[in-house]
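Novice: Working from the sequences, and respecting the hints, build out all of it.
So the number in our numbering is just where the residue sits in the sequence shown, counting from 1, plus 147.
Because the hints were derived from the structure by calculation, they are not lab data.
Please note that the accuracy of each hint is not assured.
Label pairs and their in silico Cβ distance ranges [stated by the list, open to error]:
1. N377 - W227: 44 to 52 angstroms
2. K177 - K437: 29 to 37 angstroms
3. A282 - N377: 36 to 44 angstroms
4. N294 - D440: 39 to 47 angstroms
5. D372 - R451: 41 to 49 angstroms
6. K215 - D440: 35 to 43 angstroms
7. N377 - S212: 31 to 39 angstroms
8. P431 - I322: 26 to 34 angstroms
9. V309 - C442: 31 to 39 angstroms
10. D372 - N240: 46 to 54 angstroms
11. S212 - S306: 35 to 43 angstroms
12. L369 - N294: 26 to 34 angstroms
Pairs of lysine to any residue residues, derived as SDA-like cross-links and limited to a Cα-Cα distance of at most 20 angstroms, are as follows [stated by the list, open to error]:
13. K445 - S455
14. K310 - Q472
15. K347 - D467
16. K177 - Q300
17. K266 - L228
18. K390 - N476
19. K437 - Q472
20. K229 - K211
21. K383 - R191
22. K342 - N465
23. K241 - F263
24. K415 - T435
25. K152 - L228
26. K276 - P446
27. K349 - K415
28. K390 - G380
29. K310 - K374
30. K326 - D164
31. K374 - K386
32. K415 - Q472
33. K201 - I184
34. K241 - I267
35. K347 - I336
36. K426 - Y284
37. K211 - W449
38. K326 - K360
39. K241 - E450
40. K305 - K386
These numbers come from a predicted model, not from an experiment.
Even glycine gets a Cβ: it sits at the ideal position worked out from N, Cα and C.
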Amino acid sequence: MPDTKNILVINFGGIGDEILFLPAIISLKKEFPNAHITLALEERSLGIKELTDKIDEFLPLNIKSENKYKELFKLIFDSWLKPYDIVISSGSNKFIPFLLLLMGIKTKIGYDNGFFSQKILTHAVKLNKNQYASAMYHDLVSPLTENKTEIAQLHIKKSETVKNSVLIHPGVSLISVKKGITKTITPEIWAEVLKILTLKGKNVRLIGGPDDKECIEKIVKLCQDVKFENLYGKTKNLKDLAKLISGTEKFVCSDSAPMHIAVALGVKTYAIFGPTDDKKLAPPDVVTLKTNDSCPIKPCLWERRQTSCDNPVCLNFNADDIVQQILNN
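Specialist: Below, the structure written as structure tokens:
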């Protein structure tokens, strides 16, 4: 398709999902360097534009609001106004093929979710969830290009590395907390990790965004007599966060968007994994921190349940064990 001029990509999810989708967009840009790529995404994830130069235009939608059907019509109306040559959607909902059909775009690519997707879509791509999420998303562009981008590349100026440094980002998104999803250890355990790393001679730095305010305040209160650098409030946006992460030797975090940023920057990353599946959400070079609990259904989010259980034994971590893995790997 050498005459391709306009490509619409639809990917609804958090910042982490957008970073995981970036390799697919990068491969598209390599195949169609002169094409204008538009990304339709959730409003809450618009910060991704600070991290990449591969997307020419952003179409933010409040897709999870009460007016979601109005927002979907906005997406359809946009496709009527612009001469898109290709539309690619990451959604696996059975409604997706009909949505793409209404857009009137010639080449329609999405996941194969049955009879209608096979009849409506130009390319119905097999959905393989048993792989790293970036690879799963990248499968969507395989009908268009042989380029293969495995890890996202971020368009930022990296900071100079702080020697002997460990940067800790303890939080998860507030939307996860509101949904009753627990994916990380308590502030008390984070505080113990910070204390032990400091005693081991590490240059420990603590960081977080607005969603992490309560967690950070608890950690700081528990570490009043510990010498560390509190960087909370020093970052105004994702670009600032990425710059700080790029300048650390080791980055310790939860299963969250900052983990995906660190991976894209090539920073040595240590991530807490409890109920979520590290094989799908982290590449092999991430040191995944997991407990040796006997839970028979771990990992349970998102395949088996949509909220956390009442007794998440998969998050019963010991601070000393966490520190040992950080120091020895």
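Novice: Quick check on a hinted range of 26 to 34 angstroms for L369 and N294, using CB atoms only.
Specialist: violated, 48 angstroms
Novice: Is the Cα-Cα distance between K177 and Q300 20 angstroms or less?
Specialist: Holds, because 13 angstroms separates the two Cα atoms, which is no more than 20 angstroms.
Novice: Taking 35 to 43 angstroms as the stated bounds, is the beta-carbon spacing between K215 and D440 within them?
Specialist: This hint holds: roughly 38 angstroms between Cβ atoms.
Novice: Between the alpha carbons of K415 and T435, is the straight-line distance 20 angstroms or under?
Specialist: holds, 11 angstroms
Novice: With the threshold set at 20 angstroms, check whether the alpha-carbon distance from K276 to P446 stays at or below it.
Specialist: holds, 14 angstroms
Novice: For the pair supplied as a hint, K415 and Q472, confirm whether the alpha-carbon distance does not exceed 20 angstroms.
Specialist: holds, 12 angstroms
Novice: So the hint says 26 to 34 angstroms: do the beta-carbon atoms of P431 and I322 match that?
Specialist: Given range 26 to 34 angstroms: holds, Cβ gap about 28 angstroms.
Novice: Could you tell me whether the CB distance from V309 to C442 stays inside 31 to 39 angstroms?
Specialist: holds, 37 angstroms
Novice: For D372 and R451, compare the CB-CB distance with the range 41 to 49 angstroms and indicate the outcome.
Specialist: Holds: the Cβ-Cβ distance is about 43 angstroms, inside 41 to 49 angstroms.
Novice: Using the C-beta atoms of N294 and D440, is the stated range 39 to 47 angstroms upheld?
Specialist: About 41 angstroms separates the Cβ atoms of N294 and D440, which means 39 to 47 angstroms holds.
Novice: Taking the Cβ atom of D372 and the Cβ atom of N240, is their distance within the range 46 to 54 angstroms?
Specialist: Since the Cβ atoms of D372 and N240 sit about 52 angstroms apart, the hinted range of 46 to 54 angstroms holds.
Novice: Going straight from one Cα to the other, do K349 and K415 come out at no more than 20 angstroms?
Specialist: Within the cut-off at roughly 15 angstroms; holds.
In this structure, the earlier hints numbered 12, 17, 18, 20 and 31 are contradicted, and the remaining ones agree with it.
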